[in-house]
Amino acid sequence: MMNDKKALIIAHNHPQFFPGGAEIFAYDLFKAIRAHTEYKPFFLAAADPTSREVHTGTPFQMLVDAEDEALFWGGSFDYFYQSQQILNFIYLDFKHFLQQLQPDVIHFHHTIRFGVEAIQVARQTLPNAKLVFTIHEFILICNRDGQMVRKDNEELCEFASPNRCYRCFPEYSPQQFKMREQFLKAHLDLVDQFISPSHFLAQRFIDWGLPAQKLTVLENGRQVYPAAPHRQLSPENKRNQFGFFGQINPYKGVLLILEAVEHLVNNNFQDFHVNLFGNIASGFPEFKVEFLEFLNKYQGFVTHHGRYEQAEIPALIQLVDWVIVPSVWWENSPLVIQEVFMHKRPIICSDIGGMAEKVAHEKTGLHFKVRNAASLAKTINTASDDVQLWSNLVSNIEPRLSIEQSAMQHIAVYER
Amino acid sequence: MESAKSSRTNQSPINSLSVDKLRTKAVEQEKAGKLEEAVAFYLKAISLESQQPSWVYCHTIDLLIELKRLAAGLSIAERAIVVHGKSSKIYRALERLYSQAIDTANHLNHYQQLLTFEPKQPDWLYYNLTRQLWHSDRASEAIKVASKGIKLYQDFHPLQYLLGNILEELGQKDKATALYQRVKQLNPNWLDVKQKLDQAVSQQVQTRTSNPSQPELDQSIVQRDSNIDSRKHQDFQDLDIDHLFAQLKARQLTLSESNRLWQNSGDKLDLDYGCWLSPSVLYLEVKVNNPVVLGQFEILASSSDRYAVGKANFRRISPQIILGIACFRDNLYLDNQSYRFCLNYQNTPVFISRRVEQEAFGLKLIDYLKTKSDFLKQHLRESISSSIISLISQERKPEAGKILQTLQYFLDIPKKDYVDPNLPFKIFIDYLIPLKSDGLFISGWLQDAYEMLEKITIVSALGFSLELPKEDIYRIERNDVDRFLQNTPYSNFEEDFGFCAYVSLPGAIRDSIAGFAELHSFRFLVELRGEIEIEIVPDAKYGDFYSSRQKVMQIVSPDKITPAMLNKCIAPVAFKLQQFCMEQVRIKSVTQIGEPVTNPLVSLIIPLYRRLDFMKIQLATMANDPAIAQCEIIYVLDSPEQEEELRTFLDNHSTLYQLSVKLVIMQRNSGYAAANNAGASQAKGEYLILLNSDVFAKTKGWMTQMADFYASSPKIGALGAKLLYEDNSLQHAGMFFVKTTYPFWLTLHYYKGLPEKYPPAQTTKAVPAVTGACLMISKKLYEEVGGLTTDYVIGDFEDSDLCFKCSQLGYENWYYADVSLYHLERQSVPLNSSYSGSLAWLLNGHLHQKRWGKEIEEISNKFGK
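Those protein sequence lines, which keep their order, are chains A and B. Residue numbering for the first sequence follows this note's numbering, beginning at 1 and increasing consecutively. Residue numbering for the second sequence follows this note's numbering, beginning at 417 and increasing consecutively.
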């Protein structure tokens, strides 16, 4: 295949340093574009100072021995304004790099660690290049790492405004939040096309002020594997094995599962088991104590398997019939949902945000009321009891979007 | 034809006027200050009809005196006496005339004539007549007139003093002393009489002890005039010194001709020390001996190759020393020449005993004065300064000013205060704010437990004194002094201990020092009840005009200030300091960063003070606005200490955003108005937009949109925009004014706080005024009205002031509803949270009211309807 067009793909981190959903997707997309399209891509990932030291006089350095990959040192980044502090990295080095590379498309998966100024310089330097920006989450709207959860009472936050944001961050004035918003929008204005992995995420940005006509919703594609086999059941057995995949931290809602377990056990429903896969996040000592106490108390019903690798999922998922995604925040388009659907397991999830959008209630899974253990308990109970329900849901799960398909969809956007 | 006609009409119609008309014309001209013309009319009237009312004659004579036409005055006076033989008015006019005329002897009989008509004449007449008679060697008549006057005016002490002088000269010392004592009772502060009495006492002592080793210095002073007068016309009959000096002054004589003077013998002043303080100012110390020359005289300086006549002033500054200061028009001491000197003392030459060959320029004078006692240092400083001020010619003022400043700044006078905790009266001056040559502001604290203070006399190192009466001293709270006094015997007296006061210089003194000498050092004579005088030389702090302005603004809280204190003390000082601060405003540098915009339509003028973080957003929001191509961005840094930070920022951001920026850096913090004016002075655009750094656009193209609208409506003066808070509520949609209980109108913004879409705010319309946060005005009009007024202390009200200046020229101020910008109000001036209600606010409000109260009333009525 002739690679006659060039795309620069920019990610805020490299999956080797941090295997987050956005990083993995950006890198996979890069490889898929390289392998399957007429575009010749270049992958530029930011590296934070915990991963790399800066070289003197350049923000660039290499990670893998390849002609089309490089790192951009992102240690001088102002998170409030999402702004680069060493501006000559942008208007000299990055600009020079763009002049050399002459990409037809510059696709930002994030501007974290680069700074939104990179968009400014990209637009100036290559006025005819297509600027594409994938919004993976809410960090541009919400200064609280994009969670959109109120800091004072942990309530879910529906929209940002200078006064609301000031309540979460009294160290900044409402005026400064307006300044942040105007500053970011002044740069985002230069982007030609935004891509959102979910309608929910897209709508939030439209409400915030991005023009709807610039926004396209594209599912994040995955490398597609064969589904792991389901548990072999004798007719009298129930589909009562539940799983959780992901880091054990306060936002992912694991405690909610344990509270639901307690609720079920106390109500004499004991014919089920939950398997938790994932490491316990550091940095939340109180949460960790509570989690371990719970775990100890209900060890007959819940098993914590600890850290796992991506490659182990097919084996691990064979233990469960259902996967629970009980996040207490919005989620955007969680990778785990794609993964689980690939293995044809129905999902029990919170009824909000990206989760509710990706999992159709009573079609490919079941919704429970977010942050409500009783609701989750009732849903587990229903799921365990109704074998026919499980079969129906499984049969509704459609094949996943492959990364190759995803690459083609992106190319279509690039060419639009 | 035209010119002939007009010249005829312009010609004085004096020949065609009636006598009545002539008199009317004369009075008109006199009132207009055209003295020559007035006299011409009066004289014509008199020539046509000598039977004029006495006032016509009096006015004519007075004007002739004023014009120094004494001979004409005398002839008119003769005629007046014929017409109004018995009018004392006419005789008084005559007296005024005679006192100006040198040759008085022939006319003394007119005085006496006057007394026969009307025995009771005004007190000064007796004084003048006595003096004239005495100078005409008619001492016995003088004594008679004086005695008559004293009978009529027993409290008129100058006459008694004069009689004392006469009697003293005639050897009747006891009678003289009795008169002096009477004078002292009448006026205890008259230094001359104190001195006379001291002399009398010391003479008595000397006579009793008959101590021959003490030279009888004081007697020689007393007898000075008679000594010299007796020699007059004897030794120098052949030499008319007045005439000679007049010739020398006019440079009509050659050097060798001038030397004729030196061949004469004459009195000599014994020179102790002499030096040049500058090439044209001479310093002499002469011994007090015979003759004693005191006062102002012409002085001849002569060297081997030049001579010059200048003016000299001789003052006695101690029992031993007479200080002489002479000022010349030319720079004489240029090549270390040796000069000799001669005075014209009442048409008699008095020679200085030795030549002067050395200089004591600059600090050498200070080194010399350091050898003197502290008392003398102080008095020499004041005498040197006041002599220079009274003698100096216009062209020598710059150098002379340096001598005065050196004396003030470098002569270290020991500080003296008066804060003994065990005494009921204490005073401490801790801040001095000299206002160039305008006046002095002082602040400090005092305890006056028994209300003993009567007044303070302020003695300037420039040699004059100012009276500060008790009622001009304003008392203010000083809690620190409360604590200081806690454990003293006088801790239980309720009083505001702080004080401040402003003394402005009388016009004559101000004129005499304006432009070359500035106030700096002072001593204070505090007069207490019971003739107690305390001298203090304060160990006070000084500051530049900026810090002084700050100090005055913090001296009293505005709710404690009385109207008198505000109007007579704080306001004049604050506005003066503001003016001085503004006089110091300078642009430090102007830098063009990036390629300049050619022929910009709009110049955005953005003053920066302290907070620079807004610029990041402002530049980002302007960067990709296509309209910016027609605009020039001018940032004016008014906190120059941030220059480096700002330059780095702009270098980076102008490159990043490809924006051209003109950077104006002020020499020092100059305030909002001055910064904008400085920016405007660098602007090339047809329109200016005064813009706060915390204002940024919600939409693009707003600058050209405003310019288009401005251009389409020629009646617009200032054009404001819709401004929003960060939450999209309205911050500004035009300004209006309301009356409350405050003494001045308050400025309000239309619809402030209401939603952006509030219907009345959607209409573009004329308004009373608009805010300066975002204000468009054509550059031409801005220049025509002189830009923003810098008179407001520290700054405020400038925007409405600018709008009213436009209204005054017939323009209207408009609110433009079609562009919206965010204004993160007042974030840029942290001071402003406490500004409203501050002293500066009060002052500025009053000034704004004074300037525009009437316009506001009219405009408000118009918009109210």
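Since the hints were derived computationally from the structure, they do not count as laboratory data. Idealized CB from N, CA, C, for every residue including glycine. Each hint should be verified, as a subset may be incorrect.
[Said to hold, decoys possible] Label pairs and their in silico Cβ distance ranges:
1) R164/A x E1060/B: 35 to 41 Å
2) F80/A x H1262/B: 27 to 33 Å
3) Y79/A x K1278/B: 17 to 23 Å
4) L101/A x G1117/B: 53 to 59 Å
5) F284/A x E1057/B: 57 to 63 Å
6) H361/A x G1117/B: 19 to 25 Å
7) T56/A x D955/B: 40 to 46 Å
8) T1007/B x N128/A: 47 to 53 Å
9) V217/A x D1067/B: 19 to 25 Å
10) Q99/A x G1117/B: 52 to 58 Å
11) D1067/B x N128/A: 57 to 63 Å
12) L1170/B x Q16/A: 43 to 49 Å
13) D1067/B x V289/A: 49 to 55 Å
14) G1280/B x F80/A: 53 to 59 Å
[Said to hold, decoys possible] Capping the alpha-carbon separation at 16 Å, the derived lysine to aspartate or glutamate pairs in EDC-like fashion look like this:
15) K1114/B x E357/A
16) K1116/B x E404/A
17) K185/A x D1041/B
18) K369/A x E357/A
19) K40/A x E357/A
20) K1032/B x E357/A
[Unchecked claim] Part of the chain A face toward chain B, derived, beta carbon under 8 Å:
21) V121
22) T125
23) N128
24) K130
25) L131
26) F183
27) L190
28) Q193
Is 27 to 33 Å right for how far apart the beta carbons of F80/A and H1262/B are?
43 Å, violated
Holds or violated: K130/A as interface residue toward chain B, Cβ cutoff 8 Å?
17 Å, violated
Given the range 40 to 46 Å, decide if the beta-carbon distance of T56/A to D955/B lies inside it.
57 Å, violated
Against chain B, is V121/A within 8 Å by beta-carbon distance?
7 Å, holds
Holds or violated: the 49 to 55 Å window for the beta-carbon distance between D1067/B and V289/A?
Holds - the Cβ-Cβ distance for D1067/B and V289/A, about 53 Å, lies within 49 to 55 Å.
So the hint says 47 to 53 Å: do the beta-carbon atoms of T1007/B and N128/A match that?
Given a distance of about 34 Å, which is not inside 47 to 53 Å, the answer is violated.
Range agreement (Cβ of E1060/B with Cβ of R164/A, hint 35 to 41 Å)
37 Å, holds
52 to 58 Å as the expected CB spacing between G1117/B and Q99/A, which holds or is violated
Violated, at about 30 Å.
Check the hint pairing K40/A with E357/A against an upper bound of 16 Å on the C-alpha distance.
33 Å, violated
A range of 19 to 25 Å was offered for this pair. Does it hold for the Cβ distance of V217/A and D1067/B?
42 Å, violated
Quickly compare the C-alpha distance for K1032/B and E357/A to 16 Å and report which way the hint goes.
Violated, at about 38 Å.
Take a look at whether the Cβ-Cβ distance between D1067/B and N128/A falls inside 57 to 63 Å.
28 Å, violated
Of the hints listed earlier, those the structure fails to meet are numbers 2, 3, 4, 5, 6, 7, 8, 9, 10, 11, 12, 14, 15, 16, 19, 20, 22, 23, 24, 25 and 28, in rising order.
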